[in-house]
Amino acid sequence: MEIRSKEFKDRAVFAIHDASLQQALGKARGGFVGKRAQQAAELPEFEQLREEAKNTKNHILDHLDHYLERYEAAVTAAGGHVHWARDAEEARKIILDICQRVDAKTVTKGKSMVSEEIGLNEALIDNGMEVIETDLGEYIIQLAHEPPSHIIAPAVHKTKDQVSDLFEAAHGGPRKTEVPDLVNEARMVLRDKYFRADVGITGGNFLVAETGSSIIVTNEGNGDLTQTLAKVHIVTSGIERVVPTLDDATLFLRLLARSATGQETETYTTISTGPRRADDLDGPEEYHVVLVDNGRSKMLAGRFKDMLRCIRCGACMNHCPVYGAVGGHAYGWVYPGPMGSVLTPLIKGLDNAYDLPNACTLNGRCASVCPVKIPLPDLLRELRHMQHQQDLTPVMQKRALKVWRYVATRPKLYHALEQVGARVLSAIARNGSIRRLPLASGWTDVRDLPAPAGRTFLELWQGKRGQK
Amino acid sequence: MSTSNARDAILGSVRNALRRGPLDDTRRAELDARVPRHTRPAQGEDLVARFIRKFESRAGTTARVASRADVPAAVEAYRAGKGLPARAAVGAALQDLAFPGLEIHHGAAGVSEMLSVSQALAGIAEPGSLMMASGPASPITHNFVPDDHVVVLDAGAIVGHFEEAWAVLRARAEGMPRATNIISGPSRTADVEQTIQLGAHGPRRVHVIIVG
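First to last, the protein sequences are chains W and U. Per the UniProt record's numbering, numbering of the first sequence is gapless, rising by one per residue and ending at 468. Per the UniProt record's numbering, numbering of the second sequence is gapless, rising by one per residue and ending at 212.
So here's chain W without its partners, still in its complex pose (with noise of 0.2 angstroms):
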């Protein structure tokens, strides 16, 4: 997918301004928050369970060389294969090269985030296969040509109404405008593409290094019917997914669906051991593992180890201010809000996603909400440290931070500029706010100033010690 992070800006105005989406993300805001929090107060040890959940991860990437070769060697015992691949190209050529070696026409697929992020689609596409999102909502912005906006909620952003317009165009009709049948339409579809699928392509939420497993967790069951009735089935996952046992893995379960949807448990969990057996009756021949590194096995080295944490569930996403006045396609890239904001410049590059960092307020919700206590507001402060180092802040902020300094670093002048300010802008107010400010109308045209008491807080401090 084409990285669009350096139109932020303007596609942040233009979110804000789309009625649907406006409408989309309003339901959407309560929901998700309100049963994640009441999930985290029905178990007294969700706290500890996050503690342990983050101290685990870390010990994971501390020794991550030596999991990754535990697991291989399991799903090899389990008569599965395992390929490696350094970046998107490399991923996307192994299984362009499965899937044509099966000459494989029809292509499911559960819903995977790293196939997102090499640009999977595009590419079977291009090589003549049909390629079917089988997640209701990324079947619903596949149908409308849209990346998802959401990465456990991909068609958040979709109203009911535009659903069924889309349903209607895709099936032909009769337009459908309940949720019960748009929902049943779409499973009759999908049900004929489970059973037509030539491979079925899933994510992996977790790789078992013990048994050589693989784990998706879905509410749908899209992703087991793509994987179980499809001839070949492929695991796309990053390489930092590996956890060490079945144990570890339960602690991340108990923690996943809880922060994502506010569930306490998704419908289904399927952990997948290599291709079907010799006396099954069903499962796919072949089970192939794609571990992506993709700029992470980079990330374990500095800073931004601790984002290798991430388990994926969207809970800073849905705590996040801004995502939730944007929603997630203004972010330009696969990975939105904060976890997004982290992720995308330092797998497409800072200078490639320089407003990302930058639109954040620091109120720190996701950082305490995350299951695994990524410090994500300390990590885009970080990224802002790079760009400046990077000279990339732009030449005004620059001049202005300057400016800023030359006079914050002289308190005389500084509180005598800050006296004429609070004047002046307290003179021009009108009934307690200001509708109009020259040079500042990035901020006056979209909501009004409020109006400064007219003398500066240090004059009103000075005051009242004088009172006593």
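Honestly, I wouldn't trust all of these hints.
Here are the in silico distance ranges between beta carbons for each label pair [stated by the list, open to error]:
id, chain 1, residue 1, chain 2, residue 2, range
1, W, Pro375, U, Pro136, 43 to 51 angstroms
2, W, Asp181, U, Leu84, 15 to 23 angstroms
3, W, Arg312, U, Arg34, 21 to 29 angstroms
4, U, Asp96, W, Glu146, 50 to 58 angstroms
5, U, Arg34, W, Ile16, 24 to 32 angstroms
6, U, Asp96, W, Pro375, 53 to 61 angstroms
7, W, Arg405, U, Ile196, 51 to 59 angstroms
8, W, Pro375, U, Gln43, 27 to 35 angstroms
9, U, Arg34, W, Arg303, 26 to 34 angstroms
10, U, Ser4, W, Pro180, 45 to 53 angstroms
11, U, Arg34, W, Leu43, 24 to 32 angstroms
Rather than coming from a laboratory, the hints here were simulated on the basis of the structure. None of the values given here were measured: they were computed from a predicted structure. Note that CB positions come from ideal geometry on N, CA and C, so glycine has one too.
Given the coordinates of chain W, assemble chain U onto it according to the supplied hints.
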């Protein structure tokens, strides 16, 4: 471009980032011997009661019978109650039971299958979920293709936490199943305006018959 080159490059890059070479055998053996002891959420409830409470909280249904011989009648009561045709895909794990009046087969479930009956390997009381192990006696398609899925679960096979369920898997002579399906209720989606709708792609209804 060879995948083994990529393998060595990625592992090398990982070690480079960690500022060390490959781990020595002693350290590797220590890591392999590591036994995780993560916190398990406290439970103070009868396992069967907890399983039923949790499973039903997600729109699953349950019935309890005294013995395995009562299973066919319980299946028939469910089938007749839902007005389903008298046909079912039945896992061979239940081939010791006769299902009078029901046309059954032990094969995989096809696209038009309406009802399946399976034997669970275990129940997990913690979330109130079924654990199904795939194999010739319990095909995976029985769990996902039909509209109605009836699952036979022995009361004695309900364990408290996930960790105990993994112990059941590790104890199997044949090792890990190709697919271990942990099922917590009917298929659902909330992808259209966060409205929960059952029967997205998998079964619209899941009914557990608890034996004992």
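How the hints compare with the structure:
1. Pro375/W to Pro136/U: 43 to 51 angstroms: Since Pro375/W and Pro136/U have Cβ atoms about 50 angstroms apart, the given range 43 to 51 angstroms holds.
2. Asp181/W to Leu84/U: 15 to 23 angstroms: holds, 22 angstroms
3. Arg312/W to Arg34/U: 21 to 29 angstroms: Hint holds: Cβ distance 25 angstroms, inside 21 to 29 angstroms.
4. Asp96/U to Glu146/W: 50 to 58 angstroms: Check passed, 52 angstroms falls within 50 to 58 angstroms.
5. Arg34/U to Ile16/W: 24 to 32 angstroms: Given range 24 to 32 angstroms: violated, Cβ gap about 50 angstroms.
6. Asp96/U to Pro375/W: 53 to 61 angstroms: holds, 57 angstroms
7. Arg405/W to Ile196/U: 51 to 59 angstroms: Check passed, 54 angstroms falls within 51 to 59 angstroms.
8. Pro375/W to Gln43/U: 27 to 35 angstroms: holds, 33 angstroms
9. Arg34/U to Arg303/W: 26 to 34 angstroms: Between Arg34/U and Arg303/W, where Cβ atoms are some 27 angstroms apart, the hint holds.
10. Ser4/U to Pro180/W: 45 to 53 angstroms: holds, 51 angstroms
11. Arg34/U to Leu43/W: 24 to 32 angstroms: holds, 25 angstroms
Hint 5 from the earlier list is the only one contradicted by this structure; the remaining hints agree with it.
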